[in-house]
Amino acid sequence: MSAAARELGEGRERLLEVRGLTIGWGSKVLQTDLTFSVDRGEVFAILGRSGAGKSTLLRFLVGLEEPTAGHVEIAGHGPVDLTAGLPPFGVMFQAGALFGSMTVGENVGLALDEWTDLPPVATAAIARTKLALVGLEGAFDKLPSELSGGMIKRAAIARALALDPELVFLDEPSAGLDPITAREIDGLIRALNEGLGLTCVVVTHELESVFAVADRCIVLGDHGGGIVAEGDPRELRESTDPRVREFFNRRPRS
Amino acid sequence: MTTVAAPHAGAGSSDRAEPATFTIERSPGAVRLSGTFRTTEAARAWQELHAAVASAGSGELVLDLSDVKRMDGGVIALVVAARAELATQGVTARIVSTPEHLRPLFELYRGMERPAERVRRPSLGGLETVGDAALRWASELRDAVHFFSAVAAAFVRVVRRPRSAHLKELPWLVERAGFDALPIVVLISLLVGFVMGYQSARQLERFGANVYVADLVGISITRELAPLMTAIIVVGRSGAGFAAEIGTMKVSDEIDALRVMGLQPIARLVIPRLVALALVLPVLALVSDVVGIAGGLFVAVVSLDVTAHAYLLETRRALVGWDVWQGLIKSAPFGVTIALIACQQGFAASGGAESVGRRTTTTVVSCLFTLVLLDAAFTFTLRMLGK
Ligand SMILES: Nc1ncnc2c1ncn2[C@@H]1O[C@H](COP(=O)(O)OP(=O)(O)OP(=O)(O)O)[C@@H](O)[C@H]1O
Ligand SMILES: [Mg+2]
Chain G
36 MSAAARELGE
46 GRERLLEVRG
56 LTIGWGSKVL
66 QTDLTFSVDR
76 GEVFAILGRS
86 GAGKSTLLRF
96 LVGLEEPTAG
106 HVEIAGHGPV
116 DLTAGLPPFG
126 VMFQAGALFG
136 SMTVGENVGL
146 ALDEWTDLPP
156 VATAAIARTK
166 LALVGLEGAF
176 DKLPSELSGG
186 MIKRAAIARA
196 LALDPELVFL
206 DEPSAGLDPI
216 TAREIDGLIR
226 ALNEGLGLTC
236 VVVTHELESV
246 FAVADRCIVL
256 GDHGGGIVAE
266 GDPRELREST
276 DPRVREFFNR
286 RPRS
Chain U
270 MTTVAAPHAG
280 AGSSDRAEPA
290 TFTIERSPGA
300 VRLSGTFRTT
310 EAARAWQELH
320 AAVASAGSGE
330 LVLDLSDVKR
340 MDGGVIALVV
350 AARAELATQG
360 VTARIVSTPE
370 HLRPLFELYR
380 GMERPAERVR
390 RPSLGGLETV
400 GDAALRWASE
410 LRDAVHFFSA
420 VAAAFVRVVR
430 RPRSAHLKEL
440 PWLVERAGFD
450 ALPIVVLISL
460 LVGFVMGYQS
470 ARQLERFGAN
480 VYVADLVGIS
490 ITRELAPLMT
500 AIIVVGRSGA
510 GFAAEIGTMK
520 VSDEIDALRV
530 MGLQPIARLV
540 IPRLVALALV
550 LPVLALVSDV
560 VGIAGGLFVA
570 VVSLDVTAHA
580 YLLETRRALV
590 GWDVWQGLIK
600 SAPFGVTIAL
610 IACQQGFAAS
620 GGAESVGRRT
630 TTTVVSCLFT
640 LVLLDAAFTF
650 TLRMLGK
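Chain order of the listed sequences is G and U.
Heads up, the first sequence is in my numbering, so the first residue is 36 and it goes up one at a time.
Heads up, the second sequence is in my numbering, so the first residue is 270 and it goes up one at a time.
Please keep in mind that the hints were generated in silico from the structure rather than gathered at the bench.
One or more of the hints may lead you astray.
Distance ranges between label pairs, derived from CB positions [what the hints assert, rightly or not]:
(1) U:292 with G:57: 31 to 41 Å
(2) U:506 with G:149: 24 to 34 Å
(3) G:177 with U:460: 39 to 49 Å
(4) U:425 with G:215: 47 to 57 Å
(5) G:215 with U:432: 41 to 51 Å
(6) U:404 with G:281: 36 to 46 Å
If you're wondering where the values come from, they're calculated on a predicted model, not measured in any experiment.
For every residue, glycine included, the Cβ atom is placed at its ideal position computed from N, Cα and C.
Isolated chain G, as found in the complex (with noise of 0.2 Å):
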């Protein structure tokens, strides 16, 4: 938590809250009854095994997809909206989805050259800045089919931090990328947290980065199991909750 964040003691800001959702595709229910909250400076991990939800939970705490049960609000923003202007927060998708007709620098440009008045030249050089953020100075002029695929992560990381969004949504940004890239974008991660208050929601599946980085973390179980644990990850690992301990000490229940 950011020094700021922690300051403000009791008075700790919801910045993100989710009452009683239940998330899917179509017919079929993933998670149900989903409650938890995010505050303001905070990061916040969100775990669980594969396929139990979490890039879907994602989906619709951005508002790409209509609950049919419970609410997400943003808080200040209300019900989150996509047709309604910039959205207050910016979202790094699993697989990375950089648009493959534009360069890595016009990706992370889009959103500034749509949302802002600047010139061409400044937001280039603010893209610049945003992908050497990364360690990708040097493939502002590549296409993302030829970077590998984990460049591909990082210059999405740098396209969700393009207008510094109060919030950020980052769908496994460490996974699949070597040790060091890994424990470097943990660094960046807290380090936009501490330094501008950034209030970071992360799925991801690597435990060193959920200790090293998240301040609170929510467990989904598998099969609908819902949210099995919430807390601080490192009091988290003590638990004797079965299947909680199964994720922490990575290895399965016998």
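Please arrange chain U with the ligands on chain G, whose structure you already have, making use of the hints.
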């Protein structure tokens, strides 16, 4: 007792340490497996096991593995599957004397032991199949209507605030859909004019009505063939292209990435394509008119002894401006139709590459069908209006 010995493995695996030789001996109440079982040579083992399973009476069957030197995972899976199949027949198969080194693998494959409950989709009766298809069709239709109303709304917004239109892409789209299509439009129109002229020439010659080939070619090209042919070419080039392009963006989350930036994919992707085809098609149709008539002229001059001058004069006499206009006017809605269907199908893609392919095919088929319907409607309406 039967013994089956697999032939020695061919040259391909001769460098392997153990040759794949195995025997499966069947005796009442027991099957004895020995030797080396490899997945690549498992077909024999499967057949033999299957025969053993089929002929197993009831009660108990012993699968004796004591002489197995080596068994690949795939073959273990077959043995476990055979045991599961026996269990469904009420036969208890016991696997005995599993060599020490294979035990962990058998443990690992234990999951298959439960007879696989095949999740059969309930097979539908005739009526249900029809009902199911109708439901699916209805939901497709609902999605399409939803999409078209979203396009209409986006269009209204653009008309109100033209600055909100994303026409940056327009020149590029016009170039791709129009300019790049010129060679094929010219070639096909020329050939069609040529063929029409030639076919009609043979009839007209008999009546000495050679020069009327100009009327025939001129009127059919301008009124019907040019707009329809260019539309069909554009369906194949741009319609399929738009559907594949947008479908790929959809399945790789790019459309969603636009939405979470607060950008409107329909306004950005559909409106420019719609405008591009509405502009491009009439121009292509006009080119096709000219080239088609030129094709007819060529035939008339070469094989009908009609002079170029006479042919052109006759064309001018036969064609009224309305013939040409009517063809060009209907080209614009043809273009809009193609763009709408292609984009709708692109947006409806979901899942993966397979879906993009299917949507592209659907685009071409629905476009052709709709174009012919539209054309018939046009002709009919104009007829009623007495034109
Ligand atoms: N487009 C889709 N249409 C239908 N079902 C889907 C779709 N995408 C995902 N699913 C289903 O939703 C379930 C959860 O998928 P999701 O991608 O949310 O999992 P996840 O927790 O993010 O897993 P991972 O850690 O592997 O990314 C899966 O069972 C999957 O089959
Ligand atoms: Mg996921």
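Item to complete: Output the numbers, in ascending order, of every earlier hint that fails for this structure.
Response: The structure conflicts with hint 1 only, although it agrees with all the remaining ones.
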